[in-house]
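> Chains as they are written, first to last, in numbering that gives the first Met the number 0: chain U, 0 to 325; chain Y, 0 to 103.
There's no promise every hint is true.
[Said to hold, decoys possible] Ranges of calculated distance between the beta carbons of each label pair, as one might list FRET restraints:
| id | chain 1 | residue 1 | chain 2 | residue 2 | range |
| --- | --- | --- | --- | --- | --- |
| 1 | Y | Phe-52 | U | Asn-323 | 37 to 45 angstroms |
| 2 | Y | Phe-80 | U | Ala-21 | 52 to 60 angstroms |
| 3 | U | Lys-123 | Y | Leu-17 | 20 to 28 angstroms |
| 4 | Y | Leu-17 | U | Pro-120 | 29 to 37 angstroms |
| 5 | U | Cys-18 | Y | Ile-37 | 22 to 30 angstroms |
Quick caveat, the hints were computed from the structure, so don't treat them as lab data.
Predicted model, so just to flag it, every value in this text is computed and none were measured.
Note that CB positions come from ideal geometry on N, CA and C, so glycine has one too.
Read off the chains here:
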Amino acid sequence: MLRKIPDKNLKYSFIITLCFIAAVVCGYFIRDLNYSREYLLQKASKYYSNEEHFRAARYFTKVIKLNVSDPEVYKKYGTSLLKLGNYALAAKYFGLASSDSYDDDSYYFLGAALYRKASGPGDKETFLQAVEYIEKGIELNPDSEKLYLLAGLCLRAVGLYEKARDFYNKALTSNKFNKAGFYNLIGNTFDEEGNYKEAMLYYEKASKHDNSFVVAFCNMGDMFVKMNDYESALQNYQKALEIDGKFIAPHIKIASLYYYKNNFAESAREALKALKINTADNEANYILGMSYKKLGKYKESLEYFKKAAFYGNDKAVKEIKRLNVL
Amino acid sequence: MFYNKKYLFFIIAYLMNLVLCFFINSRFAFAGIDFNLILGSVIIYGIILIFCFVAALTSLCSVKFFRRIFKLKTNNFVAKFLWNVFAGFVYLLMLITFIKVTEY
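Looking at chain Y on its own, in the form it has when it is part of the complex (with noise of 0.2 angstroms):
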């Protein structure tokens, strides 16, 4: 995803969690509760960010272990395997949370 143009990715996901961050904003809104929309996001984003890397690396750990039982090629796989989880970490967060958001 977006595996040659990494910045593309993060200004799609950044502009994805800034929607995000207006139905966060706009459930609190009612109790009062009323943050800056743009440092919000950006916490948040770090925050989804942070997580997914942390879910991707232990995901590249895993699979090389097994691969490594099963004694597989690991040649040019690190990197784009660490980026494509990560990618989709990230997209499947933000769907969850999205989708928690606005559930009623």
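Excised from the complex, chain U in its bound form (with noise of 0.2 angstroms):
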């Protein structure tokens, strides 16, 4: 065919890219060929405890390809594919891993996978699928708090409070976790219900089980703060400060407190300390701005929306549209 092209420019050019499309194709097979299941083993290995998730799952993909099907090398698998975020693949492969080859960390994983890929379109089926396989997971070893915790946030992501608390009290019957914690958890389905006294109830059996503990303080103040009781709410923020004076979050609900009271001198006082502690809060930023708009310092509210929109907040960034228009 070639010797039909009278071009001998046009006909050299064909030769030579067929020559080399030949080259890359022969090149690729025998390379192919060359990689031993061994080697591309050890290397996903090393890659996997380095954690160096995506390097390792280019290499899985590899040994997979090459018909590979060890239990623990699809464990393995998932796991760095949970790690990148491709959660519906994840779940793919700790399927396919034999069930017999299980134990709590595979469960979990498991779980995990069926519940990050459950979150997005809210999958109601695949929320309890995940909780099946961490009760088997609990089944196998009831000490493992990370359990519970992934099981109360499935069963709370479909509304199912009440099973939800009864993790968490089971929880609660060993000793080896935080209790405060999980008092706090059942506070929050309670809050999540809209039943703030019986939320309230779980907050101080938390701060009552652990003195220390900052989060039952802020949670109480935002239960005072739900039933119009602002007094008692600036007490609990102001109690969780005496406990960790560097915890950001009283600090903005404190400043977000005084803003709705219109103490807006206030607020940007509080708000100021929040970003003393953290200058990235978007919320912190967003309040200040809000604050010195309404005292009408307008220069300084836009260059506090500026920073709270670059941090992610969306609200700021109406706030910027609003000023511009001003």
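Hints in hand, dock the two standalone chains.
If you want it as structure tokens, here you go:
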């Protein structure tokens, strides 16, 4: 066929191109034949243990293409995929690993993969499937705190608060976990249900169990805000600050409390205190911007809205547009 | 290389680039990164062409400089040289990318 081409330049160009393509294809297949499973597995395991999951997953992909159907490989590949955020594929490979080889960690990872897979579309069935696996993990190891936490997250995501509380209460029977944390979580489930008084009881239990558990005091403050008792809310936030002065959340909550009580000068002062702890906090920047806006300091407010927007606060973007119109 | 029918070179190079993008795509697929093959190939093709054109121009300038030093004739030299070096670089760059993308 090439002989029929009259143009010499064109003929040689075709010959060179065909040789180039042939060389590349042959090189690819020869190289592919030379890779041994052991070498690839060794590389994959090395990257896996170094927590370089992108590289590890690359090698595991190749290993699996070479028909290695070892459950341990599937589990490790699934873990790498989970760390990379490919939850659907992670769940698939955890599912492929035979359940005989599962330990509590495997069930946790499988549950976590399914939880994250379901989180986007809010798929109830997948959440419940995740809980089934987590329950199996708990059967194997009733002292694994992360399993209880994950089960609670899955059940709360689908609104099954009573069941979530069952898991948290089960965890409370163990002496190995931080009880204050689980009381606080039970409080959260009541809060999500809108049962603030019951939530308050559990936050109080959490704070009594552990005097230094700042989150419980913040949550109690939140409950008082929801029940329109601002004075008690303020007292709880201040208690939280007494325990840990470097905890940013109470400062922000106090700032927003003052803001809603139209005390903008105090609100700005608290927001500035919060920003001393973390200048990159978008909420603190936003509240400070709002307080300055109410105080008529538009230039300063624009500056803090810009910072808040930069750190991901959507409300600040709207405020910038409004201020630019003004 | 395809000096008299340059459009053929561009078509063949694009088709090779499409295959290259298929391998790049499969390389990242496990991480949940899935890019549009056509759009991705056009972007990568553009980058390869620009990079090779700049490289070819640089080579041309340096060759011209040496030719001037050694006082060699430069008649009918520039266009053909530029094209051949450019085409060579495109093939070479695709080969290097392919090796890097498919190596384990």
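> If a hint holds in the structure, say so; if it doesn't, say that too.
Hints versus structure:
1. Phe-52/Y / Asn-323/U: 37 to 45 angstroms: Given a distance of about 43 angstroms, which is inside 37 to 45 angstroms, the answer is holds.
2. Phe-80/Y / Ala-21/U: 52 to 60 angstroms: violated (27 angstroms)
3. Lys-123/U / Leu-17/Y: 20 to 28 angstroms: Given about 41 angstroms between the Cβ atoms, the range is violated.
4. Leu-17/Y / Pro-120/U: 29 to 37 angstroms: holds (33 angstroms)
5. Cys-18/U / Ile-37/Y: 22 to 30 angstroms: holds (28 angstroms)
Of the numbered hints given earlier, the model fails hints 2 and 3; all others are met.
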